[in-house]
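For the protein sequence lines, the chains are A and B, in the order given. Sequential numbering from 1 applies to the first sequence in our numbering. Sequential numbering from 1 applies to the second sequence in our numbering.
Calculated directly from the structure, the hints in this document are not laboratory data. Hints may be right or wrong, so weigh each one.
Heads up, incomplete: computed chain B residues facing chain A, CB under 8 Å, no partners named [said to hold, decoys possible]:
1. F34
2. Y39
3. G43
4. L44
5. L46
6. G53
7. S54
8. F90
9. Y100
10. I101
11. P102
12. G105
13. R106
14. I111
Note that the Cβ used here is the ideal one computed from N, Cα and C, for glycine as well.
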Amino acid sequence: DGGITQSPKYLFRKEGQNVTLSCEQNLNHDAMYWYRQDPGQGLRLIYYSQIVNDFQKGDIAEGYSVSREKKESFPLTVTSAQKNPTAFYLCASSGRQGEQYFGPGTRLTVT
Amino acid sequence: AQSVTQLDSQVPVFEEAPVELRCNYSSSVSVYLFWYVQYPNQGLQLLLKYLSGSTLVKGINGFEAEFNKSQTSFHLRKPSVHISDTAEYFCAVFPSGGSYIPTFGRGTSLIVHP
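Just chain A, same shape as in the assembly (with noise of 0.2 Å):
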């Protein structure tokens, strides 16, 4: 089946742990993105890839990192610079038309 993964589903840390969340698509898809979603705020676009080597900061990237090593992977790290990590975590790969097909999100949640 194609689509994309995300694990875990859900993640626990303390305050100023670092955190990587994992991206897998095996749509070939060449865009992949990050998402934040908070109640009431819709999705606030972290950082995107285009192509594997090279990736761009969104809205909202301070506090956060990615890599693009491989086509299929787009991991995000939650640095502990963020200073409000707590919210549910969405990757996204887009094909040249702009569909975007979505994992099915990492809920964060930092004590």
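Starting from the known structure of chain A, fit chain B onto it as the hints suggest.
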């Protein structure tokens, strides 16, 4: 730059009634238009899309949307809703050339009452 405005944050409706979720957009370039649905604690899934051609597009689960270029709108409709349609709905635009950055609206929560 693009922007998307979903005019209603919440739409309550009774089962089997018709519903319309409104979406207006602005853009300095040509865009493709999309509606997505999100069920609780899940990712978004595509309902329908407008790329070109007929302005009335049909999607999954009995939804349809009409593209109106003069009013820059892309409203989503369903003639008869079910309890299972209760979800969050997002309108989105994607530039048809150049930038690969989509823009999403803030979402409309559709609540279907029995």
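Structure-based check of all given hints:
1. With 8 Å as the threshold, the beta carbon of F34 (chain B) comes within range of chain A, its nearest partner Cβ sitting at about 7 Å, so the hint holds.
2. Interface hint at Y39 (chain B): violated, since its Cβ lies 11 Å from the closest Cβ of chain A, which is beyond the 8 Å cut-off.
3. Hint on G43 (chain B) holds. Least Cβ distance to chain A is approximately 3 Å, under the 8 Å limit.
4. With 8 Å as the threshold, the beta carbon of L44 (chain B) comes within range of chain A, its nearest partner Cβ sitting at about 5 Å, so the hint holds.
5. Among the interface hints, the one on L46 (chain B) holds; its C-beta lies about 6 Å from the nearest C-beta in chain A, closer than the 8 Å criterion.
6. This hint is violated: G53 (chain B) has a C-beta 13 Å from the nearest C-beta of chain A, more than the 8 Å allowed.
7. Given the 8 Å rule on beta carbons, the hint for S54 (chain B) is violated: about 16 Å separates it from the nearest Cβ of chain A.
8. Interface restraint check for F90 (chain B): the shortest CB-CB distance to chain A comes to about 7 Å, inside 8 Å, so the restraint holds.
9. Proximity of Y100 (chain B) to chain A holds as hinted, the smallest CB-CB distance being about 5 Å (cut-off 8 Å).
10. Checking I101 (chain B) against chain A: minimum C-beta separation of about 7 Å stays under 8 Å; hint holds.
11. Given the 8 Å rule on beta carbons, the hint for P102 (chain B) holds: about 6 Å separates it from the nearest Cβ of chain A.
12. Annotation: interface hint on G105 (chain B) holds; nearest CB of chain A at approximately 6 Å, less than 8 Å.
13. The criterion of a C-beta within 8 Å of any C-beta in chain A is met by R106 (chain B), whose closest approach is roughly 4 Å, and the hint holds.
14. A least Cβ separation of about 15 Å between I111 (chain B) and chain A goes past the 8 Å threshold, and the interface hint is therefore violated.
The structure fails to meet hints 2, 6, 7 and 14 from the earlier list, while all remaining hints are met.
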